[in-house]
Each structure stands twice: as structure tokens, then as C-alpha cells.
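Student: Please take these sequences and the hints and turn them into a complete structure.
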Amino acid sequence: MEHHRLVPMKPGYNPALFEELYERTKPLRRKLAFEIDARKFGVDYLEILSWFDVKFIYTFNKYFDSEPKRLLGYIINSLTTYKYRVMRSSYQIKYHNHASMLDITELYDHSSIVDDTSDDSGRQDDLNRLSLFMRQTLHDDALLIFELETCPPPYILEQLKDLGKKENSKIPHELIADYLGYPDSVKFITYVSELRRDIRIALSMAKDHFNKQLA
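Sequential numbering of the sequence shown, starting at 1, is according to the working numbering.
Note that these hints are calculated values from the structure, not bench results. The reader is advised that the hints may include incorrect statements.
Only pairs whose alpha carbons sit at most 16 Å apart, straight line, appear in this in silico EDC-like list of lysine to aspartate or glutamate [as the list claims (entries may be wrong)]: (1) Lys-166 <-> Glu-149; (2) Lys-212 <-> Asp-126; (3) Lys-26 <-> Asp-53; (4) Lys-69 <-> Asp-141; (5) Lys-31 <-> Asp-44; (6) Lys-187 <-> Asp-125; (7) Lys-161 <-> Asp-141.
Restraint-style ranges between C-beta atoms, simulated for each label pair [as the list claims (entries may be wrong)]: (8) Lys-161 <-> Phe-18: 40 to 46 Å; (9) Glu-20 <-> Asp-162: 40 to 46 Å; (10) Glu-47 <-> Thr-81: 30 to 36 Å; (11) Lys-170 <-> Pro-11: 35 to 41 Å.
Every residue, glycine too, gets a C-beta built ideally from N, C-alpha and C.
Tutor: Written as C-alpha cells, this is what we have:
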């Protein structure tokens with residue numbers, strides 16, 4: 001996904017420092033790659049891992065003249081941020097079997113947003129338009145939670161099953177924290193609650209928007 005951004009290494013870079021930091025960040029790159037469901041992209045784990053290798057090279061080449069500790073910080077932050085960007089892209093409609101998507105209206109109790117009387121293709125069109133509206137309305141963190149809840153990855157579905165919950169159950173805060181690699185703290189729970197409030201507001205806006213189109 002990042003290969004097109006690679007350019008020749010800039011003159012003056014330190015090959016020894018490159019090798020040192022590459023080895024130091026190898027466990028992190030492996031961990032981040034393992035946390036991504038490669039099946040959503042039709043590739044294997046090694047391909048996902050190569051994306052992080054490319055990201056490492058790109059970041060090193062961009063900041064190689066920084067102080068070594070600062071450079072390492074840039075690389076770690078870049079790799080971690082990249083993981084969430086890849087995860088977000090995996091939730092986009094084009095990567096999913098629509099039949100597996102949880103019903104947005106059931107999750108957030110806005111059944112009037114989507115026409116229940118339409119056939120399957122018409123209902124799917126409505127859901128697609130709603131999804132597009134939400135992507136244009138929500139900021140990144142709220143959109144991530146919305147997409148996690150409307151199309152949860154296999155790991156979350158398995159955890160819900162282990163907890164004895166249905167697939168369309170509300171995902172517990174602690175499970176979201178675990179999946180995203182955040183501590184399950186009061187601060188995080190409060191933040192997710194605020195994001196869910198933003199989602200409900202956006203859904204209300206969507207209801208008004210689509211009702212005006214039908215008027």
C-alpha cells in the first residue's frame with residue numbers, strides 16, 4: 001500500500017543506524033502486522049508485514065538527519081499510526097461482504113433511516129448511502145468506532161461469542177480498548193461514550209437529510 005511512496009535513499013544517511021533501528025523495531029512491526037486481518041485484503045501476513053517494512057524505510061528516509069532517539073520516536077509513531085490507517089481502510093464498504101454487515105438501524109435505534117419495505121438491493125443502496133454520509137460527517141475517531149460496530153472484525157465477533165453476546169450486541173468499551181491497544185481506563189471509556197454520542201447525532205442528521213430528499 002505504501003510502495004509507491006518510496007524514493008531512493010537521500011545522500012548522507014547512516015546505513016549502520018538504518019540497520020540498528022530496523023532490528024530494534026522488528027518486533028513492533030511484526031506485532032502490528034499480526035493485529036491486522038490480512039484476509040480482508042486478500043493477502044497473507046507476510047504481505048502485510050512488508051507494508052510496515054516499507055513504512056519504516058519511508059519514515060527513516062524522511063527523518064534520517066534527526067537525532068537518533070527522536071528518529072526512533074518518529075518511526076514508532078509512524079508505524080503505529082499506519083496500523084490504524086490500514087485498519088480503517090479494511091472497514092470500508094469495498095472490502096466487505098455486505099451480507100455480513102450488522103444492521104446500523106438496529107445498533108442505534110434509527111429504524112426510520114432505512115426503508116424496511118424495500119427489497120434487498122434497495123435496502124443495501126440505502127445502507128451504502130448512509131455509510132457514505134457518516135464517512136463525510138464523522139471525524140476519524142468517531143468513524144472508527146462506527147465502523148467497528150457496524151462491521152466488527154473477526155476478533156471482536158469471537159470475543160462477543162465468548163462473552164455469550166449476540167453478533168449485533170453493543171461492543172463493550174473494554175473490548176474496543178483491547179482491540180485498539182488502549183488501556184481500559186475511565187478516560188478511554190468516557191471518550192468512547194462521547195464518540196458514540198457523536199454517532200447518534202450524525203445518525204439523527206442523516207435521518208433529516210434523507211427525509212428532505214424524499215419530501
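Student: List, from low to high, the hint numbers that the structure doesn't satisfy.
Tutor: The structure conflicts with hints 4, 6, 7, 10, 11, although it agrees with all the remaining ones.
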